[in-house]
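The primary structure of each chain is shown beneath.
Protein chains: 2
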Amino acid sequence: MLYGALEAGGTKMVLGCYDENGTLLDRTVMPTETPAITFPKMLDYFKDKGIGALGIGSFGPLCLNPGDPHFGAIGATPKLPWRGFDLMGEFARGLGVPVALDTDVNAAALAEAQLGAAKGLGSCLYVTIGTGVGGGVIVDGKPIHGLMHPELGHMLLVPDPRDPMPQGVCPYHKGCLEGLAAGPSMEKRWGLSAKELPDDHVAWDIEANYLAQMCFNAILTLSPEKIILGGGVLQRKHIFPLIRRKTLSMLNGYIECLADSDLSDYIVEPGLDTASGLTGSYLLARQAADN
Amino acid sequence: MLYGALEAGGTKMVLGCYDENGTLLDRTVMPTETPAITFPKMLDYFKDKGIGALGIGSFGPLCLNPGDPHFGAIGATPKLPWRGFDLMGEFARGLGVPVALDTDVNAAALAEAQLGAAKGLGSCLYVTIGTGVGGGVIVDGKPIHGLMHPELGHMLLVPDPRDPMPQGVCPYHKGCLEGLAAGPSMEKRWGLSAKELPDDHVAWDIEANYLAQMCFNAILTLSPEKIILGGGVLQRKHIFPLIRRKTLSMLNGYIECLADSDLSDYIVEPGLDTASGLTGSYLLARQAADN
Chain C
13 MLYGALEAGG TKMVLGCYDE NGTLLDRTVM PTETPAITFP KMLDYFKDKG
63 IGALGIGSFG PLCLNPGDPH FGAIGATPKL PWRGFDLMGE FARGLGVPVA
113 LDTDVNAAAL AEAQLGAAKG LGSCLYVTIG TGVGGGVIVD GKPIHGLMHP
163 ELGHMLLVPD PRDPMPQGVC PYHKGCLEGL AAGPSMEKRW GLSAKELPDD
213 HVAWDIEANY LAQMCFNAIL TLSPEKIILG GGVLQRKHIF PLIRRKTLSM
263 LNGYIECLAD SDLSDYIVEP GLDTASGLTG SYLLARQAAD N
Chain Z
13 MLYGALEAGG TKMVLGCYDE NGTLLDRTVM PTETPAITFP KMLDYFKDKG
63 IGALGIGSFG PLCLNPGDPH FGAIGATPKL PWRGFDLMGE FARGLGVPVA
113 LDTDVNAAAL AEAQLGAAKG LGSCLYVTIG TGVGGGVIVD GKPIHGLMHP
163 ELGHMLLVPD PRDPMPQGVC PYHKGCLEGL AAGPSMEKRW GLSAKELPDD
213 HVAWDIEANY LAQMCFNAIL TLSPEKIILG GGVLQRKHIF PLIRRKTLSM
263 LNGYIECLAD SDLSDYIVEP GLDTASGLTG SYLLARQAAD N
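Top line first, the protein sequences correspond to chains C and Z. Read in my numbering, the first sequence has 55 at position 43, and its numbers run on one by one without any break. Read in my numbering, the second sequence has 75 at position 63, and its numbers run on one by one without any break.
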């Protein structure tokens with residue numbers, strides 16, 4: 013059987029086709045326009061491939077509660093044409109195969125837990141810091157849902173006293189992680205993008221403080237066996253040791269099993285590089301086929 | 013078969029004996045002294061009862077990783093005589109029956125999820141605010157472990173500008189939840205205990221701000237279907253509407269499925285009153301018997 017995988021993003025759609033062994037046979041990218049334009053193109057792509065199941069890791073918010081009439085649909089996204097679009101239902105009806113849906117970051121976390129940096133572990137947290145901040149959480153081998161799904165990017169943080177813009181840029185929340193630490197916030201604050209800011213700019217120490225607070229809170233709340241940090245901003249690898257050092261300093265010995273470590277094995281880069289989202293969608297397709 | 017239940021606290025031990033139907037047949041309380049004094053007494057209590065399995069919900073930190081040589085033991089607690097005590101192993105050897113161990117708050121969360129305020133739901137968060145702050149988390153019907161177990165009481169919070177003591181009293185962390193919102197912190201800050209502070213004292217509005225921040229972060233991180241708040245400080249029920257209002261205001265409509273609610277069905281009191289800890293220990297005993 014072949015498996016379809018869709019990584020649905022706000023700016024682009026990544027579509028792939030995998031074989032039984034998890035080998036990526038084909039991959040294509042298209043811009044995210046409106047559902048009326050983009051959905052038929054995606055449908056055509058997967059129809060041609062003769063897939064037996066489809067997995068989707070999508071931008072959110074998503075309705076993932078099977079008891080809800082909107083199960084499988086996109087929620088109140090700022091991308092208005094996609095608001096309310098029944099992503100799972102439309103593909104299921106259009107392709108006539110089982111379809112599984114989760115958030116892009118839950119899919120990425122699943123891939124990292126099964127095949128990547130957290131391979132062999134039952135739990136992990138995957139956070140991407142790019143144009144936004146999103147977090148996926150694996151507990152006992154499965155993505156967390158509950159009420160909805162984690163929206164970890166909007167956790168409240170303690171403002172850094174050196175931050176000239178301590179309220180951040182999130183239109184919903186004053187001083188939340190995404191508003192303080194995503195790429196657009198860095199660029200607005202310093203007039204330089206994360207790509208351009210020199211290694212020794214104070215921006216990185218402040219950014220590391222915010223990401224360390226997130227790691228600290230996540231350790232105390234979720235108790236993950238691994239924290240994986242990816243996304244555009246984290247391409248600037250020099251920030252990793254800063255984040256680890258500040259997380260350790262905040263923990264202050266409280267979590268014994270981390271106290272003797274420098275966290276270089278605990279707060280890590282993705283094991284699947286930028287492929288975790290699509291790979292996770294493939295894993296969701298396998299789950300859909302098995303159910 | 014009869015089931016033994018132990019709620020192991022820092023000041024007292026609550027021991028109970030349940031029948032197959034979950035009826036509490038016998039209950040006794042003893043002070044928590046040293047393991048040398050208290051452990052033999054507890055062992056005698058359970059030996060007399062002829063139980064077939066024992067469940068323990070204990071103060072922590074605990075080692076709950078089956079692969080760890082300290083599995084089942086108490087970790088770096090400030091109660092020094094109990095540090096390193098092999099709670100699970102000693103009872104298993106002393107009684108010759110299966111023993112299950114979890115944190116007191118995970119046990120309470122389990123009881124609330126199976127029989128209490130979150131009955132019928134797969135997920136919930138239980139937080140107790142008393143002499144300390146502890147949190148138990150249920151995901152997919154089971155307590156979270158992962159690296160260790162949640163230590164949610166030490167989450168970082170944004171200081172309230174009206175707080176005369178914004179660093180809190182936690183010896184480990186500046187400005188963490190327990191240091192800012194537990195009973196001893198309120199008493200130190202205001203010179204009056206949570207029991208004594210009048211309803212209209214600004215203390216309650218500040219306390220509600222801190223607990224709302226915790227609820228907000230927990231919703232975004234864990235996505236629980238219910239948040240249950242208990243413990244001594246929360247006996248002052250007038251704080252519940254304040255916490256709900258502030259949580260809604262912080263969410264600012266971001267979590268759609270909560271936006272049209274006043275959260276009176278979402279942030280709630282325990283359904284089992286103060287019995288959730290012992291009841292959860294009984295449920296752990298049943299799990300131990302089944303394994």
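In case anyone wonders, no lab produced these hints; they're calculated from the structure. Keep in mind that this is a model prediction, so the values were computed, not measured. Hints are supplied without guarantee of correctness; some may be wrong.
Treat identical chains as interchangeable: a pair holds within one or across any two.
To be verified - Taking lysine to any residue and the SDA-like style, the derived pairs with C-alpha atoms no more than 20 Å apart in a straight line are:
1. K186 / K258
2. K154 / P110
3. K154 / V109
4. K91 / N264
5. K91 / L275
6. K207 / C269
7. K186 / G283
8. K59 / P178
How do K59 and P178 come out at 20 Å by Cα distance, when the copy is not named: within, between, both, or neither? neither (49 Å within a copy, 60 Å between copies)
Within, between, both or neither, where K207 and C269 count as close if Cα-Cα is 20 Å or less: neither (35 Å within a copy, 37 Å between copies)
Same-copy or cross-copy closeness of K154 to P110 [CA-CA at most 20 Å]: Classified as within; 19 Å inside a copy, 28 Å across copies.
If the cutoff is 20 Å on CA atoms, where do K186 and G283 land: within, between, both or neither? Let me know, please. Neither: 33 Å inside a chain and 34 Å across chains, both beyond 20 Å.
Copy assignment of K154 with V109, given that the CA separation must stay at most 20 Å: Neither, since 22 Å and 31 Å both go past 20 Å.
Intra- versus inter-copy proximity for L275 and K91 (alpha-carbon distance at most 20 Å): For K91 and L275, the Cα distance exceeds 20 Å both inside one copy (37 Å) and across copies (28 Å).
With identical chains, the pair K186 and K258 could be close in the same copy or across copies; at 20 Å between alpha carbons, which is it: within, between, both, or neither? between (23 Å within a copy, 14 Å between copies)
Evaluate K91 and N264 at a C-alpha cut-off of 20 Å and name the case that applies: within, between, both or neither. Between copies only: 19 Å across, 42 Å inside.
Figure legend: structure checked against the earlier numbered hints; hints not met, in rising order: 3, 5, 6, 7 and 8.
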